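Sequences and hints are given; from them, build the entire structure.
The first sequence begins at 677 in the working numbering and counts up by one.
These aren't lab readings, by the way, just hints derived from the structure by calculation.
Incorrect hints may have been included.
To be verified - Pairs of lysine-lysine residues, derived as BS3-like cross-links and limited to a Cα-Cα distance of at most 25 Å, are as follows: (1) 701 / 1242; (2) 863 / 993; (3) 1055 / 1045; (4) 1072 / 1045; (5) 1396 / 1318; (6) 820 / 767; (7) 809 / 1199; (8) 1242 / 708; (9) 1435 / 1332; (10) 869 / 993; (11) 900 / 827; (12) 1242 / 1259; (13) 993 / 1073; (14) 1045 / 708; (15) 1368 / 687; (16) 1439 / 1426; (17) 993 / 1055; (18) 838 / 826; (19) 915 / 945; (20) 686 / 809; (21) 861 / 943; (22) 1045 / 809; (23) 1028 / 993; (24) 1470 / 1451; (25) 1435 / 1451; (26) 1426 / 1463; (27) 945 / 900; (28) 1451 / 1463; (29) 838 / 769; (30) 687 / 784; (31) 820 / 838; (32) 838 / 861; (33) 861 / 1091; (34) 1072 / 1091; (35) 708 / 1335; (36) 1073 / 900; (37) 1091 / 891.
For clarity, every value in this text was computed on a predicted model and none was experimentally measured.
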Amino acid sequence: MLYDYTSIEKKWQKVWDEKQPFAAKQDFSLPKYYALVEFPYPSGQGLHVGHPRPYTALDIVSRKKRMQGYNVLFPMGWDAFGLPTENYAIKNKIHPRIVTERNVARFKSQLKSLGLSFDWSREINTTDPDYYKWTQWIFLQLFKAGLAYKKEMAVNFCTSCKVVLANEEVVNGSCERCGAPVIRKVKSQWMLKITEYAEKLIDGLNGLDFIERVKTQQINWIGKSTGAEIDFATTAGDKLRVYTTRCDTLFGATYMVIAPEHAMIEKWKPLLQNFDEIRAYQEAASRKSDFERTELVKEKTGVMLSGVRAINPVTGKEIPIFISDYVLAGYGTGAIMAVPAHDERDWEFAKKFGLPIIEVVAGGEDVEKAAYTDTATGKLVHSGFLDGLEVAEAKKKMIEYLEEKGIGQARVNFKLRDWVFSRQRYWGEPIPLVNCENCGWVAIPEEELPLRLPEVDSYEPTETGESPLSLMTDWVNCSCPKCGGRAKRETDTMPQWAGSSWYFLRYCDPHNDKALASPEALKYWLPVDWYNGGMEHTTLHLLYSRFWHKFLYDQGVVPTPEPYQKRTSHGMILGENGEKMSKSRGNVVNPDDIVRDYGADTMRLYEMFIGDFEQSAPWNTQSIKGCKRFLERFMNLLDIVKGEGVTPELERPMHKMIKKVTQDIDSMRFNTAIAAMMAMLNTVYDHGSLTKDELDTFAKVLSPFAPHIAEEVHERIGGKGLVSIAPWPVYDEAKTVDATVELPVQVNGKVRGVVSVAKDADKDAVLAAVHADEKIQAARAGSAVVKEIVVPGKIVNLVVKPQ
RNA sequence: GCGGGCAUGGUGGAAUUGGCAGACACGUAAGAUUUAGGAUCUUAUAUCGCAGAUGUGCAGGUUCAAGCCCUGUUGCCCGCACCA
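Set out below in structure tokens:
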């Protein structure tokens, strides 16, 4: 039987296109299942073989769920705003819309060639005005709720993209996308208060079925810490507020450090005798990027303020104040109390500047040799009313004391920073705000959404780093919606993360022009039952979209507090040389070639068979043959199919296989599910024939993995309808276990033989069989049995001793 | 430095979670078929050996029994990184 995969695949893809068997049904009374994969950024390169891995996996899940009677939503779309398209447009003088259209067409045809069961009637595109209308609408709700604000701030600025980057987009001091150096620049930026949701974003993880590493990464990123704020009086007659997690060590605070950007410097300027030196240090610090500042870990630097000193509130002693860039302006209060005896950084600084080190927690070595940072053991010393207490108790007591005196209180802090939301770029959603001379920032009326991107002559950012939209004076100048006075439009656009922060909501009701989706559709489909995507999105997209969702929940727009019930992450597919697949390494495999040379079904099967779904695995074109052979041999079953009904010899293997595949899909062990089908195929060939019914069942089980060949075989044996939506085979538990089991028998832990016993044989029956076995008798000859261990259905072990 | 993960044949990887290590494939070898090559089929394939022994990065431990649990250690990968 010839396996002409090309014509088979074309044929069935056409049938699916015509009959739309994979479109989600509008019937909200059916049990639902929402499976989601991250929608791709349609780049100019097209897909590489890494993309289809998660798509195929969730396609298998979706197809099986459909066959099990669920109303399945498995959608696809395009996250199409973004820099690469814009850069390509600038370089080739083509409108980014055209570039996007072209790339989308390419991606779509590639995805279609893989036989993925997406509901294409719900396709969305973030650059479509009907879509970004609602992205803008959500932004306006955030603005109205006070969660969007404009702030002058030092931002990360990519020297090549000429664009402001979020902290998350800066990797080792370089731009995440282009790799060019990132410098700090002061700019006025739109910010979103994600920090307001820090606590909720941590708490919400409870009860979600996210893989552990995603949870821990998000928790670490949000970085909750519990401590206290303490006010130190200064000789300038004012107060300096610090944040600390070790208020118990207050008696050991021998100096203070403030960040170079700290506002008090300007206030104290008249009192500072060494202001020039301080100013020079500030300037040096501001020239460094965040990365450079943290890179110089080895040597601490700083300048002492002469003219202002602080007073330790519990010892009453005057202590010096330094500025140093090891204290970060953006965290806590931008100022710390330094306790060199119990903090490594403070210790290092104190050693360098010859500052006193006072031990206040006993239990470590000499504090002149190293800081003692252990909080689990050790008691307070040299600490007045705290003496003799454990660290935990001391913290409590100190907070009580501070609150009583009114000089401090308990305080929780987060590492998470607010989200820098503006980009000085063309190819993004316009921010729907105007700046009125009288009213300040004003939202444009919702009826005027979408605020469309105007046509411009050049997409290049201006030399000052402003968006090209700023040159469109006709567009920029407008009237204030509130007072009618003169106003200017915001010319910054939104970052790429905006459109992807809510796209899963739009899929529920993608053509709605009254709302981002109808409440009924949202209530039915949410939450997403299974969302798979890359680990690299854990602290960006995944966190941002949880934030927006939680906000929309608080606004009553969405019915669930969390968007995704289950989150998994696929491993990368590496090049044949075991390195990451990339154009520069020259090890990229194009799926089009694989589909042409082996077929889409083989490609799908191989991508799932390659190894553990969560683990990365190297591509090996040689190994694909095994999957192709399997499908050819599956097709050849048509030559040995005979009669109908059940073949006694195949009944148990068949039920076992159905069980294994059913369970393995749910636990995303696709590789072993395929191995089980391969083993079944071998069993059938060993037997020599199978019935029509059995072949049809086999085709059903195979169909989520290799849907085209399954349809073809189903049709050729006279099956009715599409196998893709046929009922999923059900296994009979009783028929998955054998009547007799082969029990390995060990003597002193070494296998010496095998006995065949009934599956529910009791211990005595098993031992009788064991002792009757000749091999076992030989193995234990001349020894006395000390102990007999029988694990029913598993193993027998005889412990013997020489006589 | 902190956090998470991984280590099994020539290769990709299995192992019901403490119960026959190497399922299923790739590759390789021999044979069959073929004018030849390719494809296909059969058999073998952890290592060393004659019936036996040894084997899951390394060193210990717990157990009747350890790839799996515990202690220590090495190497690799991925996050975060002066967060007070």
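A quick look at each hint next to the structure:
| no. | hint | in the structure |
| --- | --- | --- |
| 1 | 701 / 1242 | 23 Å, holds |
| 2 | 863 / 993 | 41 Å, violated |
| 3 | 1055 / 1045 | 19 Å, holds |
| 4 | 1072 / 1045 | 29 Å, violated |
| 5 | 1396 / 1318 | 18 Å, holds |
| 6 | 820 / 767 | 38 Å, violated |
| 7 | 809 / 1199 | 22 Å, holds |
| 8 | 1242 / 708 | 15 Å, holds |
| 9 | 1435 / 1332 | 16 Å, holds |
| 10 | 869 / 993 | 39 Å, violated |
| 11 | 900 / 827 | 24 Å, holds |
| 12 | 1242 / 1259 | 33 Å, violated |
| 13 | 993 / 1073 | 21 Å, holds |
| 14 | 1045 / 708 | 64 Å, violated |
| 15 | 1368 / 687 | 23 Å, holds |
| 16 | 1439 / 1426 | 20 Å, holds |
| 17 | 993 / 1055 | 23 Å, holds |
| 18 | 838 / 826 | 20 Å, holds |
| 19 | 915 / 945 | 15 Å, holds |
| 20 | 686 / 809 | 37 Å, violated |
| 21 | 861 / 943 | 23 Å, holds |
| 22 | 1045 / 809 | 62 Å, violated |
| 23 | 1028 / 993 | 22 Å, holds |
| 24 | 1470 / 1451 | 19 Å, holds |
| 25 | 1435 / 1451 | 22 Å, holds |
| 26 | 1426 / 1463 | 15 Å, holds |
| 27 | 945 / 900 | 34 Å, violated |
| 28 | 1451 / 1463 | 18 Å, holds |
| 29 | 838 / 769 | 18 Å, holds |
| 30 | 687 / 784 | 18 Å, holds |
| 31 | 820 / 838 | 30 Å, violated |
| 32 | 838 / 861 | 11 Å, holds |
| 33 | 861 / 1091 | 21 Å, holds |
| 34 | 1072 / 1091 | 23 Å, holds |
| 35 | 708 / 1335 | 23 Å, holds |
| 36 | 1073 / 900 | 22 Å, holds |
| 37 | 1091 / 891 | 16 Å, holds |
When the structure is compared with the earlier hints, violations turn up for hints 2, 4, 6, 10, 12, 14, 20, 22, 27, 31 and for no others.
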